[in-house]
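A.B. asks: Protein sequences, first through last, are from chains A and B.
Numbering-wise, the numbering used here puts 96 at position 96 of the first sequence, and it's gapless, one number per residue.
Numbering-wise, the numbering used here puts 5 at position 5 of the second sequence, and it's gapless, one number per residue.
Simulated from the structure, these hints should not be mistaken for laboratory data.
Just so we're clear, the structure is a prediction, and the values are computed from it rather than from any experiment.
Mixed in with the good hints, there may be bad ones.
What the hints assert, rightly or not - Covered stretches of chain B (in silico footprint by chain A; criterion: 3 or more residues with CB under 8 Å from a CB of chain A, positions within the stretch not fixed): (1) 42-48; (2) 77-86; (3) 103-109.
Each residue gets a CB set at the ideal place from its N, CA and C atoms; glycine is no exception.
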Amino acid sequence: GESVGLHLPTLSVQEGDNSIINCAYSNSASDYFIWYKQESGKGPQFIIDIRSNMDKRQGQRVTVLLNKTVKHLSLQIAATQPGDSAVYFCAEKAGNTGKLIFGQGTTLQVKP
Amino acid sequence: DTAVSQTPKYLVTQMGNDKSIKCEQNLGHDTMYWYKQDSKKFLKIMFSYNNKELIINETVPNRFSPKSPDKAHLNLHINSLELGDSAVYFCASSPDGSGGQETQYFGPGTRLLVL
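Next up, chain B with everything else stripped away, as it sits in the complex (with noise of 0.2 Å):
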């Protein structure tokens, strides 16, 4: 069974539409990432929730807004795309963000491309 799972792994769309990526994790872990990774390979946090909560929020344009629906989904959705939205985006999750517990462990990501 894949433990993180992301949906859908390609996205072709074209600029201005309205977008959503889904995570799940079946791990049992309270808290949940989003990463984006850009076409130099680096990875970068975008946001994270624990339990439902957000405690992380990088500085990432508001068209792009969470939703955790419970703690084994996390789901990101982007409006209004831009050109430079193109890139690989991983969702993680860990036991926690804390206390030894921190351990990430990641999708298999998705792979957007914005015309």
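Excised from the complex, chain A in its bound form (with noise of 0.2 Å):
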């Protein structure tokens, strides 16, 4: 069935270091891929997306690898910021509907 998922649910990371935080999605037809933040209260805020043709794109501080053998797609954050503590999602897109599939989300939290 269609599934997104994430390898962890809770990330805990020293304010300065990187974050790579992994996600697994299960169809092998998904050509769009698609990251999201989302602090307390707020809604899903977009950071960065890659389509199936890619394997790496970079944006700001921030890396999305997608790994299409093993269905695998991981954001890097680059220099951890206590402003980068939010939850994050990753989505897979199949089809022309637009219809996004979310993944569980993993909880990133950054110590000072």
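Dock chain one against chain two, each of which comes alone in its own frame, and use the hints as you go.
C.D. replies: Rendered as structure tokens:
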């Protein structure tokens, strides 16, 4: 069935360290992947996306890696800051309806 | 200016009541969505509309009825509210649902509590 999952429910890192949040997806037909950050009491905020014809994409302090062979997606955050503390969701899309299937979310805690 | 806005932000109501949540986007997007986020933070799509036309209708009870008066608005009406409807409801929009235009932008959410 359709599912997008995250390997760890909570990730705790020291301020200044790099963070890696992992995600596994099951639909090999998915052609678009996206990461969102959700702070407490707010809506999901777009971070970065990647298409299935790419394996890496970089943004400001963030990098998304896509491994289609093992159906794995990761979000790397460089020099993690207290403001990065939030729940991070990956999502995948297959087809042309725009339907996103979300993973369960990983809580990132940044220790000062 | 808020790109995707929802009203109300909080909604507390009794079981059996009928309520509506409104959503507006000023991004000029063609596609709008409703999601439900449960107490475990799981986000699941409910509906999507593209230019006022229903595109996605997940397995949602027919007590939930979306209405899109124009492509900038997608409202959600819920009849005969049940305890299990308590959740956070998010509206989102995207330029389109496909073809490189599918990045979705979310509103702040409506926290619904059914007593």
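A.B. asks: Confirm or reject each hint.
C.D. replies: Structure-based check of each hint:
no.	hint	result
1	42-48	holds (count 5)
2	77-86	violated (count 0)
3	103-109	holds (count 7)
When the structure is compared with the earlier hints, a violation turns up for hint 2 alone.
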